[in-house]
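Residue numbers (the working numbering), protein chains in the order written: chain A, 1 to 296; chain B, 1 to 240; chain C, 1 to 326.
These aren't lab readings, by the way, just hints derived from the structure by calculation. Built from N, CA and C at the ideal position, the CB exists for glycine as well. Check each hint, because a few of them may be wrong.
[Claimed, not checked] If you anchor each label on the Cβ, the simulated ranges turn out as follows:
hint, chain 1, residue 1, chain 2, residue 2, range
1, C, Leu309, A, Arg269, 57 to 63 Å
2, C, Phe310, A, Tyr123, 53 to 59 Å
3, B, Gly201, A, Phe182, 32 to 38 Å
[Unchecked claim] Covered stretches of chain C (chain B as the covering partner; in silico rule of three or more C-beta atoms under 8 Å from a C-beta of chain B):
hint, region
4, 2-13
5, 31-39
6, 52-60
7, 129-136
[What the hints assert, rightly or not] To list a few chain C residues with every Cβ distance to chain B over 12 Å, as calculated:
hint, residue
8, Val17
9, Ala21
10, Ser151
11, Leu162
12, Leu175
13, Thr210
14, Gly228
15, Gly253
16, Phe267
17, Phe310
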Amino acid sequence: MMTLELILQGLVMGVFYAMMGIGLTLIFGILKVVYFAHGESFMVGAYTYALIAALLGLPLPIALASAVVVGALLAVIVERLLIRPLYEKFGDWQQMRDEYAIIVTFGLSLFLINAANQFLGPYPYHGPALTDIARFQFGDIIIGGHRLVAGLLGLLILGGALWFIQRSFWGKQIRAVAQNRFGASIAGIDTRRVSALVFMLSGGLAALSGALLVPLFHAQPDVGMVPALKSFVIVVLGGMGSPIGAIIGGLILGVLESFGAFYVSYAYRDTFAFVILIAVLLLRPQGLFGERAREV
Amino acid sequence: MSLLRFENVHKAFGGLKALDGVSISLEAGCMTGLIGPNGSGKTTLLNVLSGNLAPDQGDVIFDGRSIVGLQPSAIARRGVGRMFQITRLFRRLSTLDNLVTSGCAFGLSFHDALDRAERLIEELELTAVHDEDGGNLSGGQQKLLEFGSVFMGAPKIAVLDEPFAAIHPHMREVMVRFIRERHAEGHGFLIVSHDLPVVLGLTDDLIAMNAGQVVARGDADTVLHDPLVIEAYLGETAVS
Amino acid sequence: MNASHLRTRREFLVSLVFLAAVAAVPLFVTSGYLLGIVIVAMYYALLAIAWNLLAGYTGQFSLAPTAFAMIGAYGTGMASYHFGLPPAVGVPIAILVSAVIGMGLGRIVVPLRGPYLALTTIAFAEIVRHVARNAHEYTRGDFGMSVPLISSDRVMAFYLMLALLVAVQVGLYFLLRSHAGLYLQAIRDDETAAAGRGINVIFWKTVAFTVSGAICGFAGAMYVHFSGLASPDIGHIFETGLVLASVVIGGIGTMIGPLVGGFIVQFAAEGFREFGLRHMLVFAAMVILFVRFFRQGLWGLVKNAWDRLFGQGAARPARQVKEAGE
Ligand SMILES: Nc1ncnc2c1ncn2[C@@H]1O[C@H](COP(=O)(O)OP(=O)(O)OP(=O)(O)O)[C@@H](O)[C@H]1O
Ligand SMILES: [Mg+2]
Numbered sequence: 001m002m003t004l005e006l007i008l009q010g011l012v013m014g015v016f017y018a019m020m021g022i023g024l025t026l027i028f029g030i031l032k033v034v035y036f037a038h039g040e041s042f043m044v045g046a047y048t049y050a051l052i053a054a055l056l057g058l059p060l061p062i063a064l065a066s067a068v069v070v071g072a073l074l075a076v077i078v079e080r081l082l083i084r085p086l087y088e089k090f091g092d093w094q095q096m097r098d099e100y101a102i103i104v105t106f107g108l109s110l111f112l113i114n115a116a117n118q119f120l121g122p123y124p125y126h127g128p129a130l131t132d133i134a135r136f137q138f139g140d141i142i143i144g145g146h147r148l149v150a151g152l153l154g155l156l157i158l159g160g161a162l163w164f165i166q167r168s169f170w171g172k173q174i175r176a177v178a179q180n181r182f183g184a185s186i187a188g189i190d191t192r193r194v195s196a197l198v199f200m201l202s203g204g205l206a207a208l209s210g211a212l213l214v215p216l217f218h219a220q221p222d223v224g225m226v227p228a229l230k231s232f233v234i235v236v237l238g239g240m241g242s243p244i245g246a247i248i249g250g251l252i253l254g255v256l257e258s259f260g261a262f263y264v265s266y267a268y269r270d271t272f273a274f275v276i277l278i279a280v281l282l283l284r285p286q287g288l289f290g291e292r293a294r295e296v
Numbered sequence: 001m002s003l004l005r006f007e008n009v010h011k012a013f014g015g016l017k018a019l020d021g022v023s024i025s026l027e028a029g030c031m032t033g034l035i036g037p038n039g040s041g042k043t044t045l046l047n048v049l050s051g052n053l054a055p056d057q058g059d060v061i062f063d064g065r066s067i068v069g070l071q072p073s074a075i076a077r078r079g080v081g082r083m084f085q086i087t088r089l090f091r092r093l094s095t096l097d098n099l100v101t102s103g104c105a106f107g108l109s110f111h112d113a114l115d116r117a118e119r120l121i122e123e124l125e126l127t128a129v130h131d132e133d134g135g136n137l138s139g140g141q142q143k144l145l146e147f148g149s150v151f152m153g154a155p156k157i158a159v160l161d162e163p164f165a166a167i168h169p170h171m172r173e174v175m176v177r178f179i180r181e182r183h184a185e186g187h188g189f190l191i192v193s194h195d196l197p198v199v200l201g202l203t204d205d206l207i208a209m210n211a212g213q214v215v216a217r218g219d220a221d222t223v224l225h226d227p228l229v230i231e232a233y234l235g236e237t238a239v240s
Numbered sequence: 001m002n003a004s005h006l007r008t009r010r011e012f013l014v015s016l017v018f019l020a021a022v023a024a025v026p027l028f029v030t031s032g033y034l035l036g037i038v039i040v041a042m043y044y045a046l047l048a049i050a051w052n053l054l055a056g057y058t059g060q061f062s063l064a065p066t067a068f069a070m071i072g073a074y075g076t077g078m079a080s081y082h083f084g085l086p087p088a089v090g091v092p093i094a095i096l097v098s099a100v101i102g103m104g105l106g107r108i109v110v111p112l113r114g115p116y117l118a119l120t121t122i123a124f125a126e127i128v129r130h131v132a133r134n135a136h137e138y139t140r141g142d143f144g145m146s147v148p149l150i151s152s153d154r155v156m157a158f159y160l161m162l163a164l165l166v167a168v169q170v171g172l173y174f175l176l177r178s179h180a181g182l183y184l185q186a187i188r189d190d191e192t193a194a195a196g197r198g199i200n201v202i203f204w205k206t207v208a209f210t211v212s213g214a215i216c217g218f219a220g221a222m223y224v225h226f227s228g229l230a231s232p233d234i235g236h237i238f239e240t241g242l243v244l245a246s247v248v249i250g251g252i253g254t255m256i257g258p259l260v261g262g263f264i265v266q267f268a269a270e271g272f273r274e275f276g277l278r279h280m281l282v283f284a285a286m287v288i289l290f291v292r293f294f295r296q297g298l299w300g301l302v303k304n305a306w307d308r309l310f311g312q313g314a315a316r317p318a319r320q321v322k323e324a325g326e
């Protein structure tokens, strides 16, 4: 029964990882660069939820919704100010996109973390749980009340996001740009709008993930760092650019971690992800499900 | 004995057979044109030769030894000079440094490399951009510079992928003259080009590829009148 | 003389002038506290120089410079804590270990480019830090290990650190002046082209990682013998941010930029602290602004201003930046 409980715990965490990863993988898909400030969308979502729900005492759905809006807004602003040069003409950086992206988004991540620290302080903010029920019990399996509710909610959102990407009109445009930005622009797709949309989507999802996890982790300036690094892992695991891969990768990582923490070492629970990351990058850089990119 | 031999080389990308049993033999000091419609596998063949792609099957013998599995740099130092279809050079090094770097890597001492680089710059008429960063050169100048880099070494065979595409006729002339001179000195050439008149001005030895296979090899007359070649260029309808 | 060498030499000469000025500091400053700030500045400058060798000259955007500083710090830290070895033995061990690990990491990441390299190296850095935090029996976890001071005399410590900085800068100059400098830059600009011209990309990338790792390890080892504590904070991601900031603000891909950048970052950090402003906030903002608008850094700005005022470039119209085509 332990096994089942570990799997369930892992799957719930996996849902949150997947919500982070799906945005990151979409960004990679359309821009082919890593976005290091993704964890700060998570952080912003966590703070927004905690502040609105706990300090202002507004209803929880409103707090969740505001978290999504703030996260999406932040990401769109970032896209406009710092990311657009990556695909518009920008002199020499065009040859150095990777470098620009790494430095600028890494700097942005540090900036946002320290801004939170400067203005909100290093103290943890607590957010209220979505349900008063402390835990659910199914046979021998016990799971925290908030954990289960948030996980189910996350699953629902994840399904919606997947539908949006795979089926909707906008989702098709996103995939067209991911496959061939130039071709898509010739076919009349407004690639700026698509980029903004992708950032909005990923910022919103990451913020929601942060908001849903606040009752478990508390909001702190650097609360997004670990989830962000883990979402890299699942994006690589699932193949960079593949939304379904990100979801599967997220669930796999969640389960692996929950087993690793229990059977191998609790202290190193956050380390497994990085070992997996390096192993996958070296052995199968296209990810478990992705295809190898072409070159030369 | 031949200098370079492809023996039944296969390369597939997923289901697409980019090279489907290619066998070619080239002599030392050759001057050979490689033609074929877009997507017929020319660049892929060169990638296999230069070690940028591993063949799925088959062998490449250069100078009496198989070079399959060697590093691209090792193949280059053995005497396969390559000019890429998409111009490749060191964008943040000056014209001179681009050449000197290549010279040193090909085994020249720094001073010899400097000497030869200065001479090449003059020959290729790049004096005006002597100290300009590679990335700031015009497209044609970049092609000339990449071309020059190949000759900072002593390639036994220079493989040029579309060297004449999108460059000014005058620069093309400079390049053609340069190719003739080096050929006379004994360097071999394998030239991929869609520019038939220029190729025919240089050589009478043609290889035609289509759909990953060599469809004809021989002098221009034979190759260009070969029904398979005509079919390749005009599509199936022309034959039926 | 060719352009790359001229540029390197000019930057090197300017950096010598700068180092000479630094050497004179103890003549005027006696406060141990202030000397300490300069020592830490030299530590950041060393890391920045090492990272610049990888990122600026070789195009390998590793995010693990402080991980190697940690490896050096713990190398000598463990040698002294567990075996009672003096710095004279511990520091060489630290250099060796970080060089070997640098070589290993370099060799494995050879095929990885851009985003993949960044992710692998950041994962590596996090693993190193997690191990240092969790392997209590060996590292004492978050408490860190106290390490003997290299010298109780601040001025002595100052000059030791300076000697290291000068040695690294001079060594780097000779490395960059040799054909190796050209090869590294060639790899940075186009790996495929470099290999096509006969440059052994695997070998030279590995060299860059090894040398960079060794410098970082050396710096980290010296740093703990100055501060007296080897702790996991040395490898914190913010520290990586400071290293990046030093290089980007000073001027990436130059010999002088990271050196001066390291000093600027450390001095400014001390200055901001007075105002109760988090220095990382300011640096992060500066990194973003510099990389977005002045990607040649301060050295680039100084050089342009100089050229405009005195250079032959003065009469010449501003060079059109070519738009990149596919
Ligand atoms: N790395 C790769 N991955 C997948 N497919 C590839 C790759 N390289 C080439 N191809 C495919 O292999 C086929 C042959 O391509 P190749 O570039 O060799 O043609 P080519 O004869 O050089 O054409 P062109 O005249 O247009 O340069 C094409 O259909 C191409 O799309
Ligand atoms: Mg081609």
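Results of checking the hints against the structure:
In this structure the supplied range 57 to 63 Å holds for Leu309/C paired with Arg269/A, their Cβ-Cβ distance being about 59 Å. Checked against the hint of 53 to 59 Å, the pair Phe310/C and Tyr123/A passes, with Cβ atoms roughly 54 Å apart. In this structure the hint that Gly201/B and Phe182/A lie 32 to 38 Å apart at CB holds, the actual value being about 35 Å. Beta-carbon proximity to chain B at under 8 Å applies to 3 residues in the region 2-13 of chain C; the threshold of 3 is reached and the given coverage holds.
A count of 0 residues in the region 31-39 of chain C with a Cβ less than 8 Å from any Cβ of chain B is obtained; the coverage claim is therefore unmet, three being the minimum. Counting residues of the region 52-60 of chain C whose CB falls under 8 Å from any CB of chain B gives 0; the rule of at least 3 is not met. Three residues within the 8 Å Cβ limit are the bar, and the region 129-136 of chain C against chain B gives 0, so the coverage statement is violated. No beta-carbon of chain B is positioned within 12 Å of the beta-carbon of Val17/C; the least distance is around 25 Å.
Every CB of chain B lies more than 12 Å from the CB of Ala21/C, the least distance being 30 Å, so the non-interface label holds. For Ser151/C, the condition that its CB be more than 12 Å from all CB atoms of chain B holds, with the nearest at approximately 42 Å. No beta-carbon of chain B comes within 12 Å of the beta-carbon of Leu162/C; the shortest separation is about 31 Å. For Leu175/C, the non-interface assignment is confirmed: its Cβ lies about 14 Å from the closest Cβ of chain B, beyond the 12 Å cut-off.
Non-interface call for Thr210/C relative to chain B: holds, since the shortest CB-CB distance, roughly 19 Å, exceeds 12 Å. With a least beta-carbon separation of about 42 Å from chain B, Gly228/C lies farther than 12 Å from that chain, consistent with its non-interface assignment. For Gly253/C, the non-interface assignment is contradicted: its Cβ lies about 8 Å from the closest Cβ of chain B, within the 12 Å cut-off. Phe267/C, annotated as away from the interface, keeps every beta carbon of chain B farther than 12 Å; the closest lies near 30 Å.
Residue placement check: Phe310/C keeps its beta carbon more than 12 Å from all beta carbons of chain B (closest about 18 Å).
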